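Numbers 7 to 103, taken from our numbering, label the letters of the sequence shown in order.
Simulated from the structure, these hints should not be mistaken for laboratory data.
No false leads were slipped in.
Straight-line C-alpha distance at most 25 Å; calculated BS3-like pairs for lysine-lysine:
#, residue 1, residue 2
1, LYS16, LYS80
2, LYS80, LYS10
3, LYS93, LYS16
4, LYS80, LYS93
5, LYS93, LYS10
The following label-pair restraints were derived from C-beta to C-beta distances:
#, residue 1, residue 2, range
6, HIS25, ASN82, 12 to 22 Å
7, LEU42, LEU79, 14 to 24 Å
8, ARG28, LEU97, 30 to 40 Å
9, PHE21, ARG68, 15 to 25 Å
This structure is a prediction, so every number in the text was calculated from the model and none was measured.
C-beta: ideal position from N, C-alpha, C; glycine also.
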Amino acid sequence: IIRKGPDAWKNCIEFNNNHITRMFPSGKVSRFNPVLPWSVGCQFVSMNMRTCGEEIWLNDGRFRENGSSGYVLKPNLLTERNVTFLKIRVLSGNRIP
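Could you build all of it, start to finish, from the sequences and the hints given here?
Given below as structure tokens:
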């Protein structure tokens with residue numbers, strides 16, 4: 007999904023408005039970043055819990071923001087019918103984390 011680019015992301019958002027999607031890391035990836043699947047509306051994102059790292063902390067923090075209830079509502083952007091994308095081109099950057 008990452009390699010396919012913004013057009014595929016828009017299609018995922020539209021699909022996820024009416025469907026449930028599960029995302030799994032490929033067998034080659036030991037550390038799977040869940041942010042992009044969450045950003046396009048995937049409801050279930052599997053994590054590799056054998057390796058502790060930034061991705062596991064992201065997942066933990068995501069579900070603590072609502073009292074650790076186990077779910078997070080989708081933002082309004084992902085539930086609206088008309089989705090607009092903004093393209094940004096970074097010309098220069100200094101001390102970007």
